[in-house]
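There are 2 protein chains.
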Amino acid sequence: MSYEKESIKEFCNLVASGNPTPGGGSVGAVVGALGASLVEMVANLTIGKKKYEEWEAEMEKIVERMEAFREKAFGIMNKDIEAFNKVMECYKLPNSSEEEKRFRKEKIQEALKEAADVPFELCRLTSNLVDDVLLVAKYGNKNLFSDAQAACELCRAAFNIGKANVNINLKLIKDESFKKTLSDELEELEAKLNYSLKVFEEIASSIQRS
Amino acid sequence: MSYEKESIKEFCNLVASGNPTPGGGSVGAVVGALGASLVEMVANLTIGKKKYEEWEAEMEKIVERMEAFREKAFGIMNKDIEAFNKVMECYKLPNSSEEEKRFRKEKIQEALKEAADVPFELCRLTSNLVDDVLLVAKYGNKNLFSDAQAACELCRAAFNIGKANVNINLKLIKDESFKKTLSDELEELEAKLNYSLKVFEEIASSIQRS
Numbered sequence: 001m002s003y004e005k006e007s008i009k010e011f012c013n014l015v016a017s018g019n020p021t022p023g024g025g026s027v028g029a030v031v032g033a034l035g036a037s038l039v040e041m042v043a044n045l046t047i048g049k050k051k052y053e054e055w056e057a058e059m060e061k062i063v064e065r066m067e068a069f070r071e072k073a074f075g076i077m078n079k080d081i082e083a084f085n086k087v088m089e090c091y092k093l094p095n096s097s098e099e100e101k102r103f104r105k106e107k108i109q110e111a112l113k114e115a116a117d118v119p120f121e122l123c124r125l126t127s128n129l130v131d132d133v134l135l136v137a138k139y140g141n142k143n144l145f146s147d148a149q150a151a152c153e154l155c156r157a158a159f160n161i162g163k164a165n166v167n168i169n170l171k172l173i174k175d176e177s178f179k180k181t182l183s184d185e186l187e188e189l190e191a192k193l194n195y196s197l198k199v200f201e202e203i204a205s206s207i208q209r210s
Numbered sequence: 211m212s213y214e215k216e217s218i219k220e221f222c223n224l225v226a227s228g229n230p231t232p233g234g235g236s237v238g239a240v241v242g243a244l245g246a247s248l249v250e251m252v253a254n255l256t257i258g259k260k261k262y263e264e265w266e267a268e269m270e271k272i273v274e275r276m277e278a279f280r281e282k283a284f285g286i287m288n289k290d291i292e293a294f295n296k297v298m299e300c301y302k303l304p305n306s307s308e309e310e311k312r313f314r315k316e317k318i319q320e321a322l323k324e325a326a327d328v329p330f331e332l333c334r335l336t337s338n339l340v341d342d343v344l345l346v347a348k349y350g351n352k353n354l355f356s357d358a359q360a361a362c363e364l365c366r367a368a369f370n371i372g373k374a375n376v377n378i379n380l381k382l383i384k385d386e387s388f389k390k391t392l393s394d395e396l397e398e399l400e401a402k403l404n405y406s407l408k409v410f411e412e413i414a415s416s417i418q419r420s
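Chains A and B supply the protein sequences, listed in that same order. Once you know that position 111 of the first sequence is 111 in the numbering used here, the rest is easy, because the numbers rise by one and skip nothing. In the numbering used here, each number is its position in the second sequence, counted from 1, plus 210.
Check each hint, because a few of them may be wrong.
Claimed, not checked - Each pair of labels, with its calculated beta carbon distance range: (1) B:Ser307 with A:Lys50: 51 to 61 Å; (2) A:Met1 with B:Glu386: 52 to 62 Å; (3) A:Glu82 with B:Asn223: 22 to 32 Å; (4) A:Asn194 with B:Leu382: 25 to 35 Å; (5) A:Lys179 with B:Asn295: 47 to 57 Å; (6) A:Asp117 with B:Lys408: 46 to 56 Å; (7) A:Glu190 with B:Met211: 36 to 46 Å; (8) B:Glu310 with A:Ser206: 51 to 61 Å; (9) B:Met211 with A:Ser206: 31 to 41 Å.
Treat the hints as calculated values from the structure; they're not laboratory data. Even glycine gets a Cβ: it sits at the ideal position worked out from N, Cα and C.
Bound-form chain A, shown alone (with noise of 0.2 Å):
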C-alpha cells in the first residue's frame, strides 16, 4: 500500500468512507508531511538570498532532512494501516478452547504492541520536526513566516494525533513495563515539543513587535 500515490480528493474519500482505515493515525502522518513541505518551502526560498547567506548551508540540510521525514511520514501513514488491520485479523482468531483462547489473546497483544510504536514514532518524529520549524522561523525568509507558523501548527496537530492513537492502543496492551516504557517516553516528547512551541511563541512575539 502507498497511499501517498492517491489524490487529496481520493484520500479525503477513503478516510471519509466506512472504512476504519485509513483514519486518523494515517490523517496525523498526512499532517506531519505537510508540515515538513512548509519548512522545506521556507528553507528553499531562504536559499539564494543575500542577505540570509550566512544561513546558507543550515538551509540545504533542512531541505534533506524534511525530504526525509516525508518519505517517514508516508511510510507510517501506509503501516498505520497495516497495523490496524492486523490487531483486527487477530481478534478474528478462533477463540473457543483454552489453547485457542490463550493464542489469540497473545496474537493480539502483540498486534496492540505494533499498532502503538507506529503513531509513536510519528510523536518522536514531529517533536524533532519543530526543531526545524524554529530554525525556519528564526533564521529562514522572514516573509514567509506565516508558513512556518502553519508548520508550527501542524506539528502540534501530528504530535497530539499520534498521542491520541498511542492512547487507545496502551489501554488495552496488558505489558505493564512495555506500558510504563511507552507512556515515559512519550511523556519526555511531549515536554521537548512544548518546550520548542513555547520557544516558537516567543519568536513569533518579537516579530510582531519589530
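Model the placement of chain B on the given structure of chain A, informed by the hints.
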C-alpha cells in the same frame, strides 16, 4: 487549478518547492478537509449500528455536511493560490508616473482584501466544523473517539493557519474599517472555536473516566 487532483506526494512536492504557492493557506484548507473526512468516517461508522439508532438521522446529515465542507475546502485551497498570485501581479504593475503609482496602490489594496477574505473563509468554516466534531464525539460510535479527537486537532490547526494568513494580509491593508470588521469577526469566530474546544475537552475527560 484543482490541486485536490494531485497525489498527496506530489502536492507535498509542490508545497516544498521554491515556489511560494501552494503555501500555508492552501495547506490549511487541506487540513480542514482531512478533519471533515474524519468526522464523516465516524458518522459513517455510527450509521447502521443499533446502539446509536437514535442519532442515525443526525449522522446522515453530518455525512452530507462533511462532503459539502470538503468541496468548499478544496475551493479555498485553489482560491488561496489565485489570490496570492494576484497580489504578486499587482506589485509588478508600472510604478513611474503619479497616476501609475496611485493605480498600482489601489490594485494592490483590492488584491490584499481578496487575499484576506480567503483564509477568513477557512476560519469561518472550521469554527463551524467543530460543532459537527462535537456531535460525533458525543453521540457517534465511541470506538472511534480518537478519530473525533484527531478531527478536533485539525480544526484548531486549520483555524490558526487561517488566522495567521488573514493577519499577514491585514497588516498591509490600509482600509481601517475593513480591517476592523474582519478582525472583530475573526475574534468572534475564535471565541466560538475556543468554547467548542473546551466542550470537547470535557467530553474527552468524561470518556476517559468512564
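Going through the hints against the structure:
Distance hint check: the CB atoms of serine 307 of chain B and lysine 50 of chain A are about 31 Å apart, inconsistent with the given range 51 to 61 Å. Between methionine 1 of chain A and glutamate 386 of chain B the beta carbons are some 53 Å apart, a value that agrees with the proposed interval 52 to 62 Å. Roughly 25 Å separates the CB atoms of glutamate 82 of chain A and asparagine 223 of chain B, a value that falls within the hinted 22 to 32 Å. Against the hinted window of 25 to 35 Å, the Cβ-Cβ separation of asparagine 194 of chain A and leucine 382 of chain B comes to about 32 Å, which satisfies the hint.
Between lysine 179 of chain A and asparagine 295 of chain B the beta carbons are some 51 Å apart, a value that agrees with the proposed interval 47 to 57 Å. For the pair aspartate 117 of chain A and lysine 408 of chain B, the beta carbons lie near 32 Å from each other, so the given range of 46 to 56 Å is not met. Taken as a hint, the range 36 to 46 Å holds for the pair glutamate 190 of chain A and methionine 211 of chain B, whose Cβ atoms sit roughly 38 Å apart. As the Cβ distance of glutamate 310 of chain B to serine 206 of chain A is approximately 37 Å, the hint placing it in 51 to 61 Å is violated.
Look at methionine 211 of chain B against serine 206 of chain A: about 36 Å separates their beta carbons, and that is inside 31 to 41 Å.
Going down the numbered hints, you'll see the structure goes against 1, 6 and 8, while the others check out.
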